[in-house]
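Each chain, written out:
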Amino acid sequence: MKPFFRLYGKKRGHRLAGWWLAGRVGEAFWFATLFSVGVLTLSIVLGLQLFSPDTNAYRIGHGFWLLVLISSLFIGIGSVGFIYRVLSVAYSAEYRSAIANRGLIRKAERRTKGKAPPSAIPSLQAFTDSPGVRLSFRLPENRPETRQLVLASLFVLAWDALAVLITGFALGGLLRGKADWFLTLVAVPFFLYVGFRVSRWFFLEFRRATGIGPTTIEIDELPLIGGNEYHLSLVQYGKLAMKKLSITLVCEEVATYHFGTDTRTERHEVYRQPVLEQGRCRIDWGRPLELTCNFMLPKQLMHSFQSPHNSITWKFTVEGEASRWPLYCRSFPVVVYPTVSKASQPVEHLNRTAPPS
Amino acid sequence: MIELLGFQPGYMPNDELRFQFTIRDLDIESISAIEASVVWVTDGKGSEDLGVHYFQRLTGEAISGRDWSESQTLSTILPESPLSYEGRLLKIRWLIRVRIYLNDGNELVTQEPFSLGTKTS
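Chains as they are written, first to last, in numbering that gives the first Met the number 0: chain A, 0 to 356; chain B, 0 to 120.
The reader is advised that the hints may include incorrect statements.
As the list claims (entries may be wrong) - With a Cα cut of at most 25 Å, we get these calculated DSS-like pairs of lysine-lysine:
id, chain 1, residue 1, chain 2, residue 2
1, B, Lys-90, A, Lys-242
2, A, Lys-314, A, Lys-243
3, A, Lys-242, A, Lys-298
4, A, Lys-298, A, Lys-314
5, B, Lys-90, A, Lys-177
Don't read these hints as lab results, they were simulated from the structure. Computed from a predicted model, the values in this text were never measured in an experiment.
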């Protein structure tokens with residue numbers, strides 16, 4: 000039997016377990032309670048401070064400001080959550096979306112004037128703000144490992160600083176004749192050993208990320224449209240003895256969903272087109288590898304798509320294999336538009352640079 | 000009863016979508032609001048997303064001043080994207096949806112799918 004009241008709406012696959020309205024009302028009640036507690040606490044704390052300062056119930060200090068901060072957070076989270084839940088009960092998903100998208104008409108007007116991308120397609124701005132040397136646009140590289148490297152460097156620095164500090168304390172104690180044997184025999188070796196391992200790992204990763212020179216890809220036209228032919232240029236810098244280098248155009252479906260309290264993202268490759276293959280060659284500093292090619296994007300392929308939880312992404316992947324280096328793969332996202340009439344194509348499409356002769 | 004009429008199963012971008020709906024066997028006095036919309040929704044592994052292309056909401060005198068037994072015609076120019084799509088993790092479906100809100104708190108919904116563009120997968 001469906002419960003008449005529950006504190007939150009529970010999803011089971013695509014459907015809600017129980018009566019959806021009971022879950023929504025429960026959630027609204029929860030956020031209203033949170034809001035009320037916040038208002039009550041803030042009123043008491045501020046009221047005592049303003050109207051009965053002699054009692055000194057809550058002196059202004061860290062505790063006072065912490066209470067004010069927590070109460071304000073309760074009020075903020077409670078009010079936003081409550082309004083959202085009430086809207087979701089009172090109005091349809093379409094009406095909420097129309098309210099949230101007040102600029103719907105203005106956006107549609109901009110689209111027809113070619114200033115905004117078609118609906119649910121990523122903006123071209125991030126892809127066209129970097130002009131190329133050989134062709135019109137240099138594609139931005141998607142490098143998620145850079146963030147990992149920065150975070151790893153912060154961790155390694157903090158750990159090594161801690162290890163040096165502990166070693167300094169231990170040595171100081173030994174020199175003063177007041178040795179802390181636990182610190183000297185257990186903590187110092189542990190911190191130095193872990194510090195050595197993480198530092199070694201970090202420098203290997205850093206060398207891997209920066210040792211193989213940068214890769215750039217330039218293209219003569221953006222966005223890509225099915226049925227058209229494009230000119231592509233690749234430059235690989237560094238000092239490498241390449242065994243193999245390839246460029247592939249890849250399309251992926253990306254879906255983000257909630258699994259319990261986790262948010263998960265799943266990818267599925269739906270299209271793969273080899274664009275360029277290069278065999279053995281040598282690259283030196285000052286003499287990068289320069290490759291050009293033409294490729295045709297087939298018609299009847301799905302365009303790029305972007306919504307809050309789902310997307311269809313297109314990218315060029317450069318996969319390389321060099322002597323004494325691990326395999327590497329770099330990706331360069333692009334945007335594919337649906338095949339439409341020439342009149343509705345964006346301005347950027349006209350900025351075509353002739354390929355080098 | 001809501002009945003959707005006069006639309007085709009498939010359209011191309013920039014085509015005019017013209018559809019009609021009628022309300023029958025329902026006391027007009029019992030209706031508090033009527034919403035007609037053209038939307039796309041995602042279906043599949045990811046959480047559902049919804050985009051509204053066309054939306055019209057009628058309340059009060061806008062409802063009582065019309066004869067709802069006759070077909071109500073609405074039209075909109077369809078956008079260039081997103082096109083209908085049938086993938087493994089993701090499907091994009093276009094729908095015409097009509098909702099009727101009754102004074103007793105209940106609502107009636109009818110919707111019809113159509114495809115925009117040549118369906119890709």
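Hint-by-hint comparison with the structure:
For the hint linking B/Lys-90 to A/Lys-242, the alpha-carbon distance of about 40 Å lies beyond 25 Å, and the restraint is violated. Distance check on the hinted pair: A/Lys-314 and A/Lys-243 sit about 20 Å apart at the alpha-carbon level, within 25 Å; holds. At most 25 Å may separate the alpha-carbon atoms for a hinted pair to count; A/Lys-242 and A/Lys-298 exceed this at roughly 33 Å. About 17 Å separates the Cα atoms of A/Lys-298 and A/Lys-314, which keeps this hinted pair within 25 Å; it holds.
For the hint pairing B/Lys-90 with A/Lys-177, the CA-to-CA distance comes to about 71 Å; that exceeds 25 Å, so the pair is violated.
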